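I would like the entire structure built from these sequences, with the hints used as guidance.
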Amino acid sequence: MLTTTPFNQNLVHLNKGTLNDELTEHLAELVKAVRETGKAGSLTLTLKISMFNKANEDVVKISPVVACKLPEGERAETIMWTTADGDLLRNDPAQSFTELKQVEGIDSRRRTLPEQETAPLRKVQ
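Going by numbering that gives the first Met the number 0, the first residue of the sequence shown is number 0, and it counts up by one from there.
Straight-line alpha carbon distances no greater than 25 angstroms define the calculated DSS-like cross-link-like pairs of lysine-lysine that follow: (1) Lys-60 with Lys-15; (2) Lys-31 with Lys-68; (3) Lys-38 with Lys-68; (4) Lys-47 with Lys-15; (5) Lys-68 with Lys-47; (6) Lys-60 with Lys-47.
In short, the hints are calculated from the structure, not lab data.
In this text the structure is predicted, and so the values were computed from the model without any measurement.
And the structure:
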């Protein structure tokens, strides 16, 4: 039988309960990120415990440190051209550029097959 208070009960009292709330939020955020990326992440709680003062050995100061490392998703690569000045360009500066224009056709309506125009929809069973 335990003679000390269980850890989870002490956790609720640290920082007036805000630490427990913060850890709960980080845990939910971490689980969502792991599900989205399929990669591992971590949530670490470090409790730094030191004497509050040297006059009374019964009192300690607990300083929590929370570190949440979310997994990163895959990022797309981008190919860009460079200049001697160190500038990045989206388009090849050596390639000529032609502006495209919309050309109106004689019949720009959507065309359908003759059987599509007259045949009613039928129920598939």
